[in-house]
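Peer 1: Since chain A is already given, all that's left is putting chains B and C on it; use the hints.
Residues per chain are reported as follows:
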Amino acid sequence: MTETLTPTTQAAGASTKVGIIDTDVHPSMNPMKPEILKYLPAKWQDYIKEAGFIRTGSPGGERPRHREFAHRWDAVTPDGREPGSNQAWAAEQLLDRYGISGALLDDIGGFSVAGGGRQPAELSIAFSRAMNEARRDQWLAADPRWYAAMTLPYELPEAAAAEIRRCKTQDSQYSDRWKMAMFAPNNMRPPGHPSYWPIYEACEEFGIPVGFHVLAGNRITPSGAPDFYFEEHCTWAQFNFPIVSSYVFEGVFDRFPNLKVALLELGWSWAVPLAWRMDHAYRVMGREVPHLTRLPSEYIRDHFYYTTQPIEEPEKDQYSDEVLEAFTASGMGEKLMFSSDYPHWDFDEPYHYLDLPDEQLSRKILGGNASALLGIDLLPDTGLERRVG
Amino acid sequence: MATRKFVVGKTDDLREGEGMLVTVANRSIGIFKVGGEFYGLMNKCPHLGGELCKGRLTGALTSDGPGHYQYDPDTTLIMCPWHGWEYDVRTGQSYLNPKTPGARPYQVQVENGGEVTIEIDEGRVAVADGERSAMRQVAPRPAKIADRAPGPYVAETVSVTVDGDYLVVNLDPRSRPAAAQAQTEEKA
Amino acid sequence: MTTALPLATSRQELWTGPVIDVDVHANVPSIEALYPYMDGIWVDWAVERAYKGPSAAATHYPPMSPRSCRPEWRPGGRAPASSVELLQEHILDPWDVQYAILNCYYGVDSLRHPDWAAALARAVNDWIANEWLARDPRLRASLIVPARDPAAMVAEIERIGDHPGFVQVLLPARNDWLWGMRAFHPVFKAIERHDLVAGLHMGGTSDGAPSSTGYASWYIEQYAAEWASFASQITNIISEGVFNVCPNLRMSVLEGGFLWVPVWGWRMNKEWRGLHREVPWVDTPPLDLIREHMRFSTAPIDAGPPELTKKAIGWLGSDDFLMFATDYPHGYDDDLPGLLSLLSENARGNMMAATARQWYRL
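Residue numbers (my numbering), protein chains in the order written: chain A, 1 to 389; chain B, 1001 to 1188; chain C, 2001 to 2362.
Hints are not guaranteed to be accurate.
[Stated by the list, open to error] Okay, the calculated bits of chain C under chain A, using three or more residues with CB under 8 Å as the criterion:
id	region
1	2059–2073
2	2203–2210
3	2230–2243
4	2260–2271
5	2326–2337
[Said to hold, decoys possible] Listed next, the stretches of chain B that the computed footprint assigns to chain A, with coverage defined by at least 3 CB atoms under 8 Å from CB atoms of chain A:
id	region
6	1051–1057
7	1082–1094
[Said to hold, decoys possible] Between beta-carbon pairs, the in silico distance windows are:
id	chain 1	residue 1	chain 2	residue 2	range
8	B	His1068	A	Arg118	36 to 42 Å
9	C	Gly2040	A	Pro120	50 to 56 Å
10	A	Thr56	C	Glu2085	51 to 57 Å
11	A	Asp46	B	Gly1036	53 to 59 Å
12	C	Ala2151	A	Asp358	54 to 60 Å
13	C	Pro2305	A	Gln45	56 to 62 Å
Since the hints were made in silico from the structure, they are not lab data.
By construction, the Cβ of each residue, glycine as well, lies at the ideal position given by its N, Cα and C atoms.
Next up, chain A with everything else stripped away, as it sits in the complex (with noise of 0.2 Å):
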């Protein structure tokens, strides 16, 4: 995708609403339906009855959350079933209420495939296609504004590039619709590592960016597995370390210069100090990466995507602006994109960012700035008003 953002929205005199894109949609994580399941082979649907699937559970064990699906209660489908198993109710209660103009869906349900790393090589492959070809089947077909993250088997990179030319180019009603590579923050290795460089081959020849999503199949922190849900919850913006660190040194950027990584309900806020230490780093030890040929915060300024959810909640409304514009004037201005979480418990409405002083930086929160990371177009007349004059 390009780097300057290109204006959908309408033309001047129409609509003023502000067009929205939701960068971060979940159906219903549980992959182990007979819905998902039966696109697999007959061996494989065979093998899950006996030898089960997701065998290992949750890093260090669980922590279970505190509601069934870490859920909105009020998004249980009508007839009483998990959020996010009904396509038309996720689009009345998300897309038609808020008119938003596109959503990427992203499976989170596939992390604990953990990228292919502890199921039979060819099982995870097969899976991961399965899952793509029902949120095709499921989501993409009934509606346009559906968009979808790819699941991949991130481990076996080869494999995983040969999902994304698939969803890419063998089905052209939908090749366009297949917005991100999904990766999980919890890869054997820290994933601008070179062994995962054919996906990011993928990925810039058809011109979409990876993406991370909290919750993780491996580790949860450096000294092992926390005891709380709570926890968890917090700890997971720690993830971006490793991984922001490891794009940058490894010199992924260098190799891949149209590469976008996109880092979803990872928070943002961070951002900013994490650029500036790794360009104090950079100034003492910088002699072990001669391979860089920018300052690390360059880096992160041009090729890092960010998503609003879970929204800062400063002390104090004052920080809550201050941060912001701490985040645009170290140059991530384009980089923010709304995000609601739909149907979890953390949900976000649109609002938060709608009235912003500055109407521009509204517009590309909203919508703006994924429209141009995602190539999804806004919408004519669709989204919210602003509530200031």
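Peer 2: Leaving out everything else, chains B and C in the frame of chain A:
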């Protein structure tokens, strides 16, 4: 004269510890029966706007240290279905935890039965679309929340009174008790 | 510069008030230097195995990296920071410190044998007491403890924690388990009982990859991401209720930076408001617990443009948050005068000495 009082259901629509959602004059209101009394809350969480009354009733949980729990099943907090903030259904006061610093309440009042009957007969009542949320039963005793300092928000309470067999919502602001004059603070 | 006085600037030009340096290092020059402080069996074991000492120190501080020692502090032919004379020459005298807190990160955490690790820890502490604390009245020190055996940790705190020169117990930022877990609560109680500070410091050995995403390829990559260790430890210590169990516990966070703490704390506060029922003993917003129970050293500073850094410092919400450190002999790209210029007058004096004086009871 336009009435501000609406019958929303019957007293035996709710068992102890239950709640239901009603729509009154285009407002969504949760009605709860707690400690034998009826309370009302506007169905909007002051935190970030979730439908508060679609949450769950729960008791206060405090602790003086890891491994120790003081669970009071008698208290009447509703947890917002979104971010889980807790509010006392009787006062709308939010509670985070004892050491921290509360939806606008409407009072439940007993009404003149005759007037209510007329309202129903004349069809000026916006009888609910009653919707029961699944809530836990609480013991029928007056609820206390000991040693809990209030949080920053107060949910908007609604006046709910009993008239014979009927539950009546009063949207007249003068019907709210003095304590309920606390401002609802809404973050942008 | 923080870590070395600028050539063109004197200490008095930089700061005229008292100075307390809360993080200077003593590096054990060789395991032989510790032999006088350990029982014969441990000397024999080391000699038999040609064991040169635990490996963790080199993991975190590769000996020849500019981060491990500034060029101007490399003494020819000797290990950096390996004697009190070097420390006096490079830091104590030129900075005219009132006090300096000596941290010896020897990497004992990478030695698994529980008794040998405990013996090494004892030896290091006795070495510090005899060859550093006894030789310069400006010095105070952290005592080190083995990393995995809470009973042995408590035993060492009991053994030497009341020595007037020891003011802190060093806890490395990485471990097999997060420090707040219940098995370690007796350790924090011992720290509190002896009126010591818990010093969370760069270092440590994890059982497995020291991140959610495997092992870093490059040293700079590992270093840059190390906030992950500090942040997860702080969150765990709060979540597990260590400050309920030890309401008077003081903790210092050393070599971890501090500009990341507000945004981290805001997220913790937000999550806590929705999820506190799972950890009901956390009865105070987490960022307030940080302000109450923790202080952060200023090496590294990791500052950005002055106007943005000033805002971030405002988010700390306290004039009593920072404590000056050179982190001798480690190398940073820091600007102490720049940092001072962003602080209020009250905060400056606190940072340079007053906070540490109160925190360490100096």
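Peer 1: It remains to establish, for every hint, whether it holds in the given structure.
Peer 2: Quick rundown of the hints versus the structure:
{"no.": "1", "hint": "2059–2073", "result": "holds (count 3)"}
{"no.": "2", "hint": "2203–2210", "result": "holds (count 6)"}
{"no.": "3", "hint": "2230–2243", "result": "holds (count 7)"}
{"no.": "4", "hint": "2260–2271", "result": "holds (count 10)"}
{"no.": "5", "hint": "2326–2337", "result": "holds (count 4)"}
{"no.": "6", "hint": "1051–1057", "result": "holds (count 4)"}
{"no.": "7", "hint": "1082–1094", "result": "holds (count 3)"}
{"no.": "8", "hint": "B:His1068 x A:Arg118: 36 to 42 Å", "result": "holds, 38 Å"}
{"no.": "9", "hint": "C:Gly2040 x A:Pro120: 50 to 56 Å", "result": "holds, 55 Å"}
{"no.": "10", "hint": "A:Thr56 x C:Glu2085: 51 to 57 Å", "result": "holds, 54 Å"}
{"no.": "11", "hint": "A:Asp46 x B:Gly1036: 53 to 59 Å", "result": "holds, 58 Å"}
{"no.": "12", "hint": "C:Ala2151 x A:Asp358: 54 to 60 Å", "result": "holds, 59 Å"}
{"no.": "13", "hint": "C:Pro2305 x A:Gln45: 56 to 62 Å", "result": "holds, 57 Å"}
In terms of the numbered hints stated before, the structure departs from none.
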